Amino acid sequence: MMNNKKVRSQSKAAKTSLTITYVLLIVLGIIWLVPLVWIILSAFRCEYRPDGTFVGTVVSNYFPKAYGLKNFTDLFTARYYGVDNAFPKWMLNTLIIAIIDCIISTFLVLSVAYCISKLRFRMRKPFMNMAMIIGLFPSFMSMIAIYFLLKSIGLTGNPNHPEYSVIGLILAYSAGAGLGFQVAKGFFDVIPNALVESAKLDGCTNFKIFRKVILPLAKPIIIYQALMSFTGPWMDFIFAKVIIGADNAAHWTVSVGLYSLLFGTHPDTNLFTQFAAGCVIVAIPIVTLFMFLQKYYVEGVTAGAVKG
Amino acid sequence: MKANTKNKKDLFGPIKKWFTKLGRRFVDGSIGTKLSHFIFGAGNFYHKQFIKGALFLILQILIILFMVLCPSINGTPYGWKALANLPLNKVVEGGTFDPLTGEFSHGSDCKLIILFGFVTIAVIVIYFILWDRNVESSYKADMDEKIGKTPTSFVEDIKELFDSKFHITMLTPTLIAALVFTVLPTVFMIALAFTTYNAYDMNEIGTNLFHWNGFGNFAAVFTGEGSLGVEIKNRFFPVLGWTFIWAIFATLTCYFGGIVLALLINKKGLKGKKIFRTVFIMTIAVPQFISLLAVRNILGEYGPINALLMNLNLISEPIGFLGLQSGDSEVLAKVMVIVINMWVGIPYTMLMTSGILMNIPADLYEAAKVDGASTFKMFAKITLPYVIFITTPYLISSFVGNISAFNSIFLLTGGGPTYVGYQAGGTDLLVTWLYKVTIDQGMYNTGAVIGIFTFIITASITLITYRRSKAYNEEDTFQ
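As given, the protein sequences belong to chains A and B, one line each in that order. The letter at position 82 of the first sequence is residue 82 when you use the numbering used here, and the numbering goes up by one with no holes. The letter at position 216 of the second sequence is residue 1216 when you use the numbering used here, and the numbering goes up by one with no holes.
These are computed hints drawn from the structure, not numbers from a lab. Possibly wrong hints are sitting among the right ones.
[What the hints assert, rightly or not] Listed next, with one range per pair, are the computed distances between beta-carbon atoms:
| # | chain 1 | residue 1 | chain 2 | residue 2 | range |
| --- | --- | --- | --- | --- | --- |
| 1 | B | Ile1275 | A | Leu195 | 24 to 30 Å |
| 2 | A | Val55 | B | Leu1086 | 22 to 28 Å |
| 3 | A | Pro192 | B | Glu1366 | 30 to 36 Å |
| 4 | B | Glu1366 | A | Ile30 | 45 to 51 Å |
| 5 | B | Pro1361 | A | Thr19 | 57 to 63 Å |
| 6 | A | Ile284 | B | Asp1371 | 49 to 55 Å |
| 7 | B | Tyr1419 | A | Glu163 | 53 to 59 Å |
| 8 | B | Val1339 | A | Pro126 | 27 to 33 Å |
It should be emphasised that the depicted structure is a prediction, and the values quoted were computed from it without experimental measurement. Note that CB positions come from ideal geometry on N, CA and C, so glycine has one too.
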């Protein structure tokens, strides 16, 4: 009897604590979603002032009074900073940069991580230390130096070939990628050395081991690295802005372009609703990618956290 | 102490060994090896390794041509002239006098002088590495012949690059790319910290060239006599202090908030775990320049939050939450960036700790329950110690990351509220200040000084904590 009562009160307590958890999570969820939902709503906002002009700035009502696609059509057709169809150009530009960066970076990271994890050679520890020390310098410090360097070889700020800036930016993004091998190394460390040893006994060269033994097992980390380096150019805007240059609007990446819609020198600045429309277009593919590849992302993040 | 004395012994051992090796190579080597000390690839030709020898020889000729002919870009030379330019404080070659305007232009760009100087030094280092490799390869062929083997052919050498020397093949692309685009720019900026170089004094036309300034720019933190004037003296320590406060709060709030959120979501019996997780992961997936700018605008002067508060008659005029105007409260802006950063950072820790929480052995909790421990006690005595133990490396790296957390500050407050006459505002971190000083102001030397101070902070924290950890010292023992 006593026992029964105790169990019942326990289950009651569990029920209340579960209810509290639900309430807490829902409140937190709402807090987390408010700004993001607001951006989506703003993108579809289609309000006019009494005098017939369009309201493109930030307004105080959270929910729009009228909805429409005007922001999207404007965004795709408008001329920004003297560039026709600027937004589609920025999108295409970013896509090209992201794809090439993704290929180069993933290749570099995998090759370095494999060497550091599975091969033993004289320069191994010095190389790891160098990568760590260099990584501790704030990247914004050397950013301007990279700009000078690229400029001196004509890969940015080139008056005859402004499009070369794109190559410069790809180099700036992917060249240092190999030094960020730590997460992938942590992953390779877990692959048993016995596999490598037995392949060696079978007469495999190190190259063959990498290709036939390691790479097939490395799918999760390949996807993680590819995801990281592909989304990087969509998210970064400081490097892109400095390397490509403020006056080279035709070759900006999409983040630089969208940022400039808010804070730029455009005749009608603070094009907030168009900015929001652009954000929605950029965010949809990236969020979808993340959601699909969530498993690999979590795996990479957790591995990185535990290994440091 | 023990480690120290061991290091000292080790330090001279390899050097001594290396020099004896050098001597032996010259004395014991064949004529080819002796010759290859002066002409690259001579030893390889001697051993009939023609392709390898030719490669060495071509590289030697190219480097010597580079050093002697001094190719130049924008009037700034490479080669020996670049080395000659480095220590000088006077007008360098390439200058022209324009009789019409009476102006003298030195024609060379200060930053290129320094940059090319370092490139040339790097080329010289490469020359000596090649020299060593070329003598070594010839000496190895000597040794092979001595024991009756034929020296390796070119095809065999290539094959080796895919087996026992595979690491060379794999690391070379990264090494070259990292040297050019990461190491060289970093070394260049460190060098700038010791010069008078900034965009204003060193304009392209004029007779003013950079000169070396020793530790003057570092001393400016106390004296205020640098290119940034009194700002560096008056604002350095406030910014430094805030950087630390920010890093501590940003790290701890996100860390513990993330653990609590993970516990909530992973609670037994909770339905819709996946939906909740997805909601929070959204903020990770959405690019920060979108999510942070959204928050900035929603909290803005005319934004919905201020309007809501005014409609509720809680305030009579808009609050400057983020210190975007110079009169706004600095304390409020600081609190707001930390709070908003929780919004960004908590889902990340949640994601990371979720997996770790699942791995806590369930019998630990069972045992605690039998002993009558409360939920909170179990959290404090079991969950927290376990999670902290596993994620200490993450805690350190996230602290270091927060010291240079650029986006959170730059996109939210832009460093504001600003103070008249100063670049560094109330919420500026060392890195955002560094950005303003170098990119907006062109005060490269002072920017480099701020960058070096940031490095010193992050490096000392990392070295003290991380290098002592098992993860580093025993990283290759557990496999």
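Consistency of the hints with the structure:
| no. | hint | result |
| --- | --- | --- |
| 1 | B/Ile1275 <-> A/Leu195: 24 to 30 Å | violated, 39 Å |
| 2 | A/Val55 <-> B/Leu1086: 22 to 28 Å | violated, 59 Å |
| 3 | A/Pro192 <-> B/Glu1366: 30 to 36 Å | holds, 33 Å |
| 4 | B/Glu1366 <-> A/Ile30: 45 to 51 Å | violated, 35 Å |
| 5 | B/Pro1361 <-> A/Thr19: 57 to 63 Å | violated, 28 Å |
| 6 | A/Ile284 <-> B/Asp1371: 49 to 55 Å | holds, 51 Å |
| 7 | B/Tyr1419 <-> A/Glu163: 53 to 59 Å | violated, 41 Å |
| 8 | B/Val1339 <-> A/Pro126: 27 to 33 Å | violated, 43 Å |
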